[in-house]
Amino acid sequence: MMFLSNSTLGEVVKSQVEFKLNTYMGAVASLILVQIIGLLFSMNGTGSSGTSINNISIHVSIVSLDIVYIFVALWAFVIGNMITIKTNWHSDFSFVGTRLSSSLANIIVLCMISVFAGVTTFLSNYVLRVILLLFGKVDYVKSSSIFDDPLNSILNIGVMIAFILMISAIGYFRGILVQNNKIFTFLLPVLLITILVTKSGQKLFQYVFIGNESILILIVKLVCISIVFFALSILCSNRLEVRS
Amino acid sequence: MNLNADSTKPIYIQIAEWIENEIIAERFLSDEKVNSQYQLADLFNINPATAAKGLTILVEEQILYKKRGLGMFVAPEGKSIILEKRRNETLTRMAMELVLEARRLSVTEDELINLIKQENKKCEEEQNNGGN
Amino acid sequence: MVVIDCQNLQKKYKGMAALNGITFQLEDHKITGLIGRNGAGKTTLLKILAGFIRENSGEVRVFSNKPFNNLRVSANSILVDDQMSFPDSLTLADILEAAPSFYKRWDAGLAASLFDYFRLNPKQLHFKLSKGAKATFNMIFGLATRCELTMFDEPTNGMDEAVRSDFYRALLKEYIAYPRSILISSHHLAEMEHLLEDILLIHKGKVVLHQSLEEVKEYAVALQGQTDIVEKLTAEKDVLHIKQLDSHRKYAVIKKEDSLGVEGVTIQTVSATDVCMFMTSERKGGIDDVFK
Numbered sequence: 001m002m003f004l005s006n007s008t009l010g011e012v013v014k015s016q017v018e019f020k021l022n023t024y025m026g027a028v029a030s031l032i033l034v035q036i037i038g039l040l041f042s043m044n045g046t047g048s049s050g051t052s053i054n055n056i057s058i059h060v061s062i063v064s065l066d067i068v069y070i071f072v073a074l075w076a077f078v079i080g081n082m083i084t085i086k087t088n089w090h091s092d093f094s095f096v097g098t099r100l101s102s103s104l105a106n107i108i109v110l111c112m113i114s115v116f117a118g119v120t121t122f123l124s125n126y127v128l129r130v131i132l133l134l135f136g137k138v139d140y141v142k143s144s145s146i147f148d149d150p151l152n153s154i155l156n157i158g159v160m161i162a163f164i165l166m167i168s169a170i171g172y173f174r175g176i177l178v179q180n181n182k183i184f185t186f187l188l189p190v191l192l193i194t195i196l197v198t199k200s201g202q203k204l205f206q207y208v209f210i211g212n213e214s215i216l217i218l219i220v221k222l223v224c225i226s227i228v229f230f231a232l233s234i235l236c237s238n239r240l241e242v243r244s
Numbered sequence: 001m002n003l004n005a006d007s008t009k010p011i012y013i014q015i016a017e018w019i020e021n022e023i024i025a026e027r028f029l030s031d032e033k034v035n036s037q038y039q040l041a042d043l044f045n046i047n048p049a050t051a052a053k054g055l056t057i058l059v060e061e062q063i064l065y066k067k068r069g070l071g072m073f074v075a076p077e078g079k080s081i082i083l084e085k086r087r088n089e090t091l092t093r094m095a096m097e098l099v100l101e102a103r104r105l106s107v108t109e110d111e112l113i114n115l116i117k118q119e120n121k122k123c124e125e126e127q128n129n130g131g132n
Numbered sequence: 001m002v003v004i005d006c007q008n009l010q011k012k013y014k015g016m017a018a019l020n021g022i023t024f025q026l027e028d029h030k031i032t033g034l035i036g037r038n039g040a041g042k043t044t045l046l047k048i049l050a051g052f053i054r055e056n057s058g059e060v061r062v063f064s065n066k067p068f069n070n071l072r073v074s075a076n077s078i079l080v081d082d083q084m085s086f087p088d089s090l091t092l093a094d095i096l097e098a099a100p101s102f103y104k105r106w107d108a109g110l111a112a113s114l115f116d117y118f119r120l121n122p123k124q125l126h127f128k129l130s131k132g133a134k135a136t137f138n139m140i141f142g143l144a145t146r147c148e149l150t151m152f153d154e155p156t157n158g159m160d161e162a163v164r165s166d167f168y169r170a171l172l173k174e175y176i177a178y179p180r181s182i183l184i185s186s187h188h189l190a191e192m193e194h195l196l197e198d199i200l201l202i203h204k205g206k207v208v209l210h211q212s213l214e215e216v217k218e219y220a221v222a223l224q225g226q227t228d229i230v231e232k233l234t235a236e237k238d239v240l241h242i243k244q245l246d247s248h249r250k251y252a253v254i255k256k257e258d259s260l261g262v263e264g265v266t267i268q269t270v271s272a273t274d275v276c277m278f279m280t281s282e283r284k285g286g287i288d289d290v291f292k
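Protein chains in written order, with my numbering: chain A, 1 to 244; chain B, 1 to 132; chain C, 1 to 292.
Chain A on its own, in the form it takes in the complex (with noise of 0.2 Å):
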């Protein structure tokens, strides 16, 4: 007599999820770290100016947050591109799980860590103003709060959080392509760089990221964008070999 335990594809990716969050939970916890030398690279400012009315002199400066923004998108690139290293992707299978559940898995998880990292991404401009305010030279710190334009900060958030998205499934397709063939270490860079330079591949960044009608446009399209690298990631790893 056999007991076969039979297991739906939900159950799996579940418990699947609940473990990568628990595995990756030190990887997350370094976006914190990433955030806060890119607030350190912002606090000198991207410009200024100043002019002088009698004895009162004003000096104007220009903070962004530019700089978290760069390392936040390169930190999502590596997250996404780590889950599928050997040890990651083997791991799966020294637990209960098929290639479709890893994948969904990890896609889930990607989700959870690019909501968590666009939310604090935009809280580090609020952070960042209390920085100023407490250890910078500062009176006056003016910018738009997400009390001043509730539907316009959200739709920011979201932006944030569809962009990370969608660098971290571009990561994590780089990582699949690379455990399929090791080749693709070096097709990739000069794929990317050959479709940058061509005139068809900057109309197609150009349409995508510039000449927006409005932020929900740029938020679908780059969940769009996100989805595509998502389902070719599926389809490449669906035929992967484990502990070869």
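Keep in mind that the hints are not guaranteed to be accurate.
Heads up, simulated DSBU-like pairs for lysine-lysine below, C-alpha to C-alpha not over 30 Å straight-line [said to hold, decoys possible]: (1) K123(C) with K86(A); (2) K30(C) with K256(C); (3) K204(C) with K30(C); (4) K255(C) with K9(B); (5) K104(C) with K182(A); (6) K199(A) with K221(A); (7) K30(C) with K66(B); (8) K85(B) with K117(B); (9) K9(B) with K173(C); (10) K66(B) with K173(C); (11) K85(B) with K256(C); (12) K30(C) with K9(B); (13) K131(C) with K182(A); (14) K256(C) with K53(B); (15) K123(C) with K14(A); (16) K66(B) with K53(B); (17) K128(C) with K182(A); (18) K173(C) with K33(B); (19) K30(C) with K86(A); (20) K86(A) with K104(C); (21) K173(C) with K67(B); (22) K86(A) with K14(C); (23) K33(B) with K9(B); (24) K9(B) with K284(C); (25) K131(C) with K86(A); (26) K67(B) with K66(C); (27) K14(A) with K134(C); (28) K9(B) with K243(C); (29) K9(B) with K232(C).
Derived Cβ-Cβ restraints for the label pairs, each shown as a range [as the list claims (entries may be wrong)]: (30) S36(B) with E161(C): 27 to 33 Å; (31) L100(B) with L4(A): 56 to 62 Å; (32) D31(B) with Q226(C): 50 to 56 Å; (33) S5(A) with T90(B): 53 to 59 Å; (34) S57(C) with F3(A): 31 to 37 Å; (35) T185(A) with D160(C): 37 to 43 Å; (36) E161(C) with N21(B): 28 to 34 Å.
These aren't lab readings, by the way, just hints derived from the structure by calculation.
Beta carbons: idealized from backbone N, C-alpha and C, even for Gly.
For this one, chain A is given, so just place chains B and C on it according to the hints.
This is chains B and C only, laid out in the frame that chain A set:
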């Protein structure tokens, strides 16, 4: 109790002989339950199927009998069957060795039989003397 | 009931055939030894059965399912080998804690007591374990899953003598308490043959022998005696192995048959290990042939 893994005797035969020894020593009495294949496997560190094979031999020789769902029990005539069997086996083996040795030394069959008769007579005389 | 069914299974690596038409069936709740020399295809076979890699041709069924990408096979089987990996960030305790949500029959009590017995450190990271400790941990993991099909690929590699015999004992005890189908590969048949019910001997990607251990032990006999007599007896017979002992005596192994008793020749049993070795050797005389 350890089995001899290097012995020419298969493990399941050694298991059967161990149970036979236990029966002769009356550690298992008639109609008493003997170890199950799983207990034997645990005891001797062997595969349960091997242990089962040893038990099956004893069932075939009617030394043990099976009660469905309860296990294996010593047959009432089990001990006497074992004794009978061993008597036969031991004597047959010794006779074979005797014959082989006799042939090697070119002793004829008649001479051999005479030799056995002589030995038997000696034993009888000794017994009689001892009785007096 | 049939747990594993392979029909003419083939697998190639870079043009080299690792499996070259494997055909066999495995009944449930038996401990089977997968025996073969290095490169015979043992590991490849186990990986296909576990669904890790995909066959090139032929049919493979585990619990009546194709194992590659099958959730039912994954949930009810485990392959323990030295390539078994766990995330680098998890401690051994974390790994054991995560297991029950995947393996529904996970035996946490057994895992904990074996863990203590072998003095493993719960705070240790898996990838930092020594070879022996890793093998021990993987073995504990494999036993505790209580998977219906439990497969071990060279499980005792790196274990010391004491741990080896403890492992085999633990395996037997577990099997007696919770019978399951166990497939275990090893170079060292002698050290585990007491556990086995069946032997599956493969060579060059093909099944050579699939019989009960007792049958394998009685598969062949060795004749030892004067060269001319041994040669006469073994003429026209399938000689598995032959060796010149000294100037006038020869040792030959042939398939077992009755009525071989001849004066001047002693008949000896051949151990299961030797049967497997002789049946998979290229030359009848073994290494000695090379030096002739």
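Structure-based check of all given hints:
1. Our distance criterion of 30 Å between C-alpha atoms is met by K123(C) and K86(A), whose separation comes to about 23 Å.
2. For the proposed pair K30(C) and K256(C), the alpha carbon gap of about 26 Å is at most 30 Å, so the pair holds.
3. For the hint linking K204(C) to K30(C), the alpha-carbon distance of about 25 Å falls within 30 Å, and the restraint holds.
4. Taking the CA atoms of K255(C) and K9(B), the gap is about 18 Å. The hint holds against a cut of 30 Å.
5. For the proposed pair K104(C) and K182(A), the alpha carbon gap of about 37 Å is over 30 Å, so the pair is violated.
6. Our distance criterion of 30 Å between C-alpha atoms is met by K199(A) and K221(A), whose separation comes to about 20 Å.
7. This hinted pair checks out: K30(C) and K66(B) have alpha carbons roughly 23 Å apart, not beyond 30 Å.
8. Between K85(B) and K117(B), the direct Cα distance comes to roughly 24 Å. Compliance with the 30 Å bound is thereby established for this hinted pair.
9. Restraint check: the Cα-Cα separation between K9(B) and K173(C) comes to about 25 Å, which is no more than 30 Å; the hinted pair holds.
10. With a C-alpha separation of about 25 Å, the suggested pair K66(B) and K173(C) falls inside the 30 Å cut-off, and the hint holds.
11. Proximity of K85(B) to K256(C) is assessed by CA-CA distance (about 26 Å); at most 30 Å being required, the pair is judged to hold.
12. Proposed proximity of K30(C) and K9(B) is supported: the alpha carbons are some 23 Å apart, at most 30 Å.
13. For a cut-off of 30 Å, the pair hint linking K131(C) to K182(A) stands: about 28 Å separates their Cα positions.
14. Between the alpha carbons of K256(C) and K53(B) the distance comes to roughly 21 Å, so the proposed pair stays at or under 30 Å and holds.
15. Under the criterion of a C-alpha separation no larger than 30 Å, the hint pairing K123(C) with K14(A) is consistent with the structure, at around 26 Å.
16. Under the criterion of a C-alpha separation no larger than 30 Å, the hint pairing K66(B) with K53(B) is consistent with the structure, at around 14 Å.
17. Among the hinted pairs, K128(C) with K182(A) is consistent with the structure: their alpha-carbon atoms are about 26 Å apart, no more than 30 Å.
18. About 22 Å separates the Cα atoms of K173(C) and K33(B), which keeps this hinted pair within 30 Å; it holds.
19. Between K30(C) and K86(A), the direct Cα distance comes to roughly 33 Å. Violation of the 30 Å bound is thereby established for this hinted pair.
20. As the CA atoms of K86(A) and K104(C) are separated by approximately 26 Å, the hinted pair is consistent with the 30 Å bound.
21. In summary, the hint linking K173(C) to K67(B) is supported, as the alpha carbons are separated by about 25 Å, within the 30 Å threshold.
22. A distance of roughly 21 Å separates the Cα atoms of K86(A) and K14(C); the hinted pair therefore holds under the 30 Å criterion.
23. Distance check on the hinted pair: K33(B) and K9(B) sit about 26 Å apart at the alpha-carbon level, within 30 Å; holds.
24. Proposed proximity of K9(B) and K284(C) is supported: the alpha carbons are some 27 Å apart, at most 30 Å.
25. This hinted pair checks out: K131(C) and K86(A) have alpha carbons roughly 19 Å apart, not beyond 30 Å.
26. Between K67(B) and K66(C), the direct Cα distance comes to roughly 41 Å. Violation of the 30 Å bound is thereby established for this hinted pair.
27. Taken as a hint, the K14(A) and K134(C) pair is honoured in the structure, with Cα atoms around 28 Å apart against an allowance of 30 Å.
28. Our distance criterion of 30 Å between C-alpha atoms is met by K9(B) and K243(C), whose separation comes to about 25 Å.
29. Distance check on the hinted pair: K9(B) and K232(C) sit about 28 Å apart at the alpha-carbon level, within 30 Å; holds.
30. With their beta carbons about 31 Å apart, S36(B) and E161(C) fall inside the hinted range of 27 to 33 Å.
31. The hinted range of 56 to 62 Å is satisfied by L100(B) and L4(A), whose Cβ atoms lie roughly 59 Å apart.
32. In this structure, D31(B) and Q226(C) meet the distance hint of 50 to 56 Å, their C-beta atoms being roughly 55 Å apart.
33. For the pair S5(A) and T90(B), the beta carbons lie near 55 Å from each other, so the given range of 53 to 59 Å is met.
34. Checked against the hint of 31 to 37 Å, the C-beta distance between S57(C) and F3(A) comes to roughly 32 Å, which is consistent with it.
35. Taking 37 to 43 Å as the suggested C-beta distance range, the pair T185(A) and D160(C) conforms, at roughly 40 Å.
36. The beta-carbon spacing between E161(C) and N21(B), approximately 31 Å, falls within the hinted interval of 28 to 34 Å.
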